[in-house]
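Undergrad: Sequence:
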Amino acid sequence: MYIKKYKTIKYILLLSLFFLSCSSKSSDTLLNDIAQIDYNYAHTLLTVKNMDRESSIDVISKFMEDWAVFRKYYFNINEEDYRWKNDINTISDLLIRVNYFVSEDEDISAGYLILHDVKHVLSDIRRRNNIDWAMDYLSSIFKITYRINELSKIYSEKNNILEEDRSRIISVYISLDSTSQELLEKMQKNTFEFYQFRNIDKETLYQEILKMDKLIIDMGIYFSDSNYNEIYKQTAKILDTYYAIMNLYSLHVKEFK
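Its first residue numbered 8, the sequence shown is counted upward by one per residue in my numbering.
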């Protein structure tokens, strides 16, 4: 009874963090703080991915606190973007749902899938405000690769594939290849700012992105003979590389203030 009551009180306290009165912070700190949110998010995602309830509850709780601080500082900072406040609230709502599935003896895997949506909302915010960000290219690569992974698994189990289905998965692959190529080219030109990354971190990140791009290029050969089983295996390798990159980001996790 006491444990249930404690969990309820803790949940209410976490919810209240999202509705603190909003203050402002210098726009000069915005990009650095966005980067820190990325690093802490990557750590959160990888922890919940392991499906351990105790560690997942702890890391989600901490990230909810991080996001509450970010929201307090930056909720009112961008009046020109009419969707800014709505997207910040959307992330708050997503985290509440993640926390429910993780902490209330529900399906942790459902919470984990919802947690993935957070990065896509962050990407929408940045791209809409002309912020060119490496994490957003990686998020797109993950989303497109995941889609090819789903389609190739379905197609590999079918005897006959319609021509429109072949065209669909090829068009998705072309989008993936284009996004990966653009990311690699911008990495080569040092386009992105990587806050808190040392040169050795940047080089390691570049090598992982190069590895990912090669996997994507190599996957193209399997489309000529519609070898969906090999395409499925290749997408799994790309997703593994994505998580290796998230681990590089997570190494920079720290308390958000």
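To be clear, the hints were calculated from the coordinates, so they are not data collected in a lab.
None of these values were measured; they are calculated from a predicted model.
Wrong hints could be hidden among the right ones.
To be verified - Pair by pair, the computed Cβ-Cβ distance ranges are: (1) Lys-150 / Asp-208: 30 to 36 Å; (2) Lys-209 / Arg-134: 33 to 39 Å; (3) Asp-232 / Asp-35: 52 to 58 Å; (4) Ile-84 / Glu-164: 17 to 23 Å; (5) Ile-84 / Arg-173: 44 to 50 Å; (6) Arg-175 / Lys-221: 37 to 43 Å.
What the hints assert, rightly or not - PhoX-like mimics (lysine-lysine), calculated; alpha carbons at most 25 Å apart, straight line: (7) Lys-79 / Lys-69; (8) Lys-160 / Lys-196; (9) Lys-261 / Lys-240; (10) Lys-69 / Lys-56; (11) Lys-160 / Lys-92; (12) Lys-261 / Lys-244; (13) Lys-209 / Lys-261; (14) Lys-209 / Lys-165; (15) Lys-79 / Lys-150; (16) Lys-160 / Lys-69; (17) Lys-56 / Lys-150; (18) Lys-56 / Lys-218; (19) Lys-92 / Lys-69; (20) Lys-240 / Lys-264; (21) Lys-69 / Lys-218; (22) Lys-160 / Lys-209; (23) Lys-79 / Lys-218; (24) Lys-196 / Lys-221; (25) Lys-261 / Lys-79.
From the three backbone atoms N, C-alpha and C, an ideal C-beta is built for every residue, glycine too.
Undergrad: So, for every hint listed, does it hold in this structure?
TA: Status of the hints after comparison with the structure:
no., hint, verdict
1, Lys-150 / Asp-208: 30 to 36 Å, "violated (24 Å)"
2, Lys-209 / Arg-134: 33 to 39 Å, "violated (22 Å)"
3, Asp-232 / Asp-35: 52 to 58 Å, "holds (54 Å)"
4, Ile-84 / Glu-164: 17 to 23 Å, "violated (49 Å)"
5, Ile-84 / Arg-173: 44 to 50 Å, "holds (47 Å)"
6, Arg-175 / Lys-221: 37 to 43 Å, "violated (24 Å)"
7, Lys-79 / Lys-69, "holds (15 Å)"
8, Lys-160 / Lys-196, "violated (36 Å)"
9, Lys-261 / Lys-240, "violated (35 Å)"
10, Lys-69 / Lys-56, "holds (16 Å)"
11, Lys-160 / Lys-92, "violated (38 Å)"
12, Lys-261 / Lys-244, "violated (29 Å)"
13, Lys-209 / Lys-261, "holds (19 Å)"
14, Lys-209 / Lys-165, "violated (43 Å)"
15, Lys-79 / Lys-150, "violated (29 Å)"
16, Lys-160 / Lys-69, "violated (36 Å)"
17, Lys-56 / Lys-150, "holds (16 Å)"
18, Lys-56 / Lys-218, "holds (22 Å)"
19, Lys-92 / Lys-69, "holds (22 Å)"
20, Lys-240 / Lys-264, "violated (41 Å)"
21, Lys-69 / Lys-218, "violated (32 Å)"
22, Lys-160 / Lys-209, "violated (34 Å)"
23, Lys-79 / Lys-218, "violated (39 Å)"
24, Lys-196 / Lys-221, "holds (18 Å)"
25, Lys-261 / Lys-79, "holds (18 Å)"
When held up to the earlier numbered hints, the structure conflicts with 1, 2, 4, 6, 8, 9, 11, 12, 14, 15, 16, 20, 21, 22 and 23 and fits the remainder.
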